[in-house]
Each structure stands twice: as C-alpha cells, then as structure tokens.
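Chemist: Sequence:
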Amino acid sequence: MIYNELNNVSKNKNIKVIIIRSNGPVFSSGHDLNEILADTGEVMDLFNVCGNMMKLIRKIPQIVIASVQGIATAAGCQLVAACDLAICSESAKFATPGIQEGLFCSTPSVYTTRNIPLKKATELLFTANYLSSEEALMYGLVNRIAKDEDLYKETIKFAKEITRFDFNVIALGKNELYKQLEMNTENALDFATNVIVYNSTMKEAKEGINNFYIGGKKRIIFK
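For what it's worth, the working numbering labels the leading residue of the sequence shown as 105, then goes sequentially.
No wet-lab data here; the hints were simulated from the structure. On a predicted model such as this, the values are computed, not experimentally measured, just so you know. Glycine included, every Cβ here is placed at the ideal spot set by N, Cα and C. Hints may contain errors.
[To be verified] Computed spacing ranges between beta-carbons, pair by pair: (1) 106 x 147: 14 to 22 Å; (2) 204 x 295: 20 to 28 Å; (3) 149 x 118: 28 to 36 Å.
[As the list claims (entries may be wrong)] Only pairs whose alpha carbons sit at most 27 Å apart, straight line, appear in this in silico DSS-like list of lysine-lysine: (4) 261 x 120; (5) 307 x 120; (6) 283 x 257; (7) 283 x 251; (8) 283 x 223; (9) 159 x 261; (10) 115 x 310; (11) 278 x 163; (12) 264 x 115; (13) 223 x 159; (14) 197 x 257; (15) 251 x 264; (16) 117 x 257; (17) 159 x 310; (18) 120 x 251; (19) 264 x 283; (20) 251 x 117; (21) 197 x 159; (22) 115 x 261; (23) 310 x 120; (24) 120 x 159.
Let's have the full structure, built from the sequences with the hints guiding it.
Modeler: Shown next, in the form of structure tokens:
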C-alpha cells in the first residue's frame, strides 16, 4: 500500500526526493467508481484512505514529485496537486470530471484550488473539461513539461536539483512552507522568523555560511 511505503520511506534521511509515476499509459484515472456504489461506511473508508495519503505527502520531510504521463483525472489530478512538485509529458491531460457521473469532485477540489487560480479550478470542476500540459503549466498545476520520450530523464534531472542540498534543511523548509500558508500574513512572518532563527543554529547553516565566505570575503559565484 502506497501510504505505508511513503511512511516507511519518510524515516530514511538518505532519501531526499520521492517520485510518484506510473509504468502504464495512464498516470491515474482516480477511484474505481464501482467501489463508490458500496454502503456509506465503506465509501467513507475509501475516501479517508485516499485523503490520508494526500495529507501524508505534505507531511513527510522528502520532496514528492509527480511524474505524469497520459491522463490524471479526479483523484489522479488530486494526487498531482497534492505533490510538492510536478513534471508532465507533452501529451499529459488533467481533469476533475466527476460531475459528469453525478459525483462532484469534492475531495480533488481541495488541492486543485490550492494550485490553480479559483476561476480556472471552478471551470475544471463544473465543465469536466481537460487541461492540456501547456495549460497545466500556465495555471500552476505542474512545474515543467518534458517530451514524452524524455519524461523519466527530465524527472530525474529535476530531482537532482533538490538532492544536492541537505536533508535536514529540505525537511525544515517543507514543513515551514506548508505551515505558514495556513496562517495570516503577520502570524506567518512571526512563525517564519522563528524558523529561520532556529535554522541559523543548525550545523548545515553554519557550515554553508562559512563556505560562502573565503578569507572573510564574499565568494563570487558564476552561473
């Protein structure tokens, strides 16, 4: 079960990035609708399991990247939105089309509206239309697009941009990022101030700042 796998991996400080991808032509088409015809208790369990996994993605210290090929619909689109970062193939498409089956995508709406501007997210939820890969990039659902045949290679390259940094700083940063988003601006700044002061005491920051200066002079970095 992916929840247990994520939970186990989250304890491993040697792993800084987790990639969620599919081996098939579809990233995720969401729930099996037949399961939703069960009794209310079973349906509640079904959506709680899904929701708990989305929450866990945000809570674990590793950065989680969705690598999307094919379609990502309903809970599949929710999964992309819940991940910290996302890259997709040129042919990828995204939708929250539950309304066409009479089942509004209530749970996917939570993460999609926190990724996509409200008007566009509302359009997705109430029209069942697809977003192309280009639109997904434009509206902020994904960070990057890769050629279909290069998706895996580009996903690894994306991950390596993060794995060069220290695990403890990544974990601290991810935790701060999501916590402050739920606060008003003043409380967020107070919280972030406490975090950065604590961060300054960590050995990773002390070593990094010392390395930034050579002989008391600021090092010039050319890119």
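Chemist: Please flag the earlier hints that this structure goes against, numbers listed from lowest up.
Modeler: Per hint list: 2, 6, 7, 17, 20 violated.
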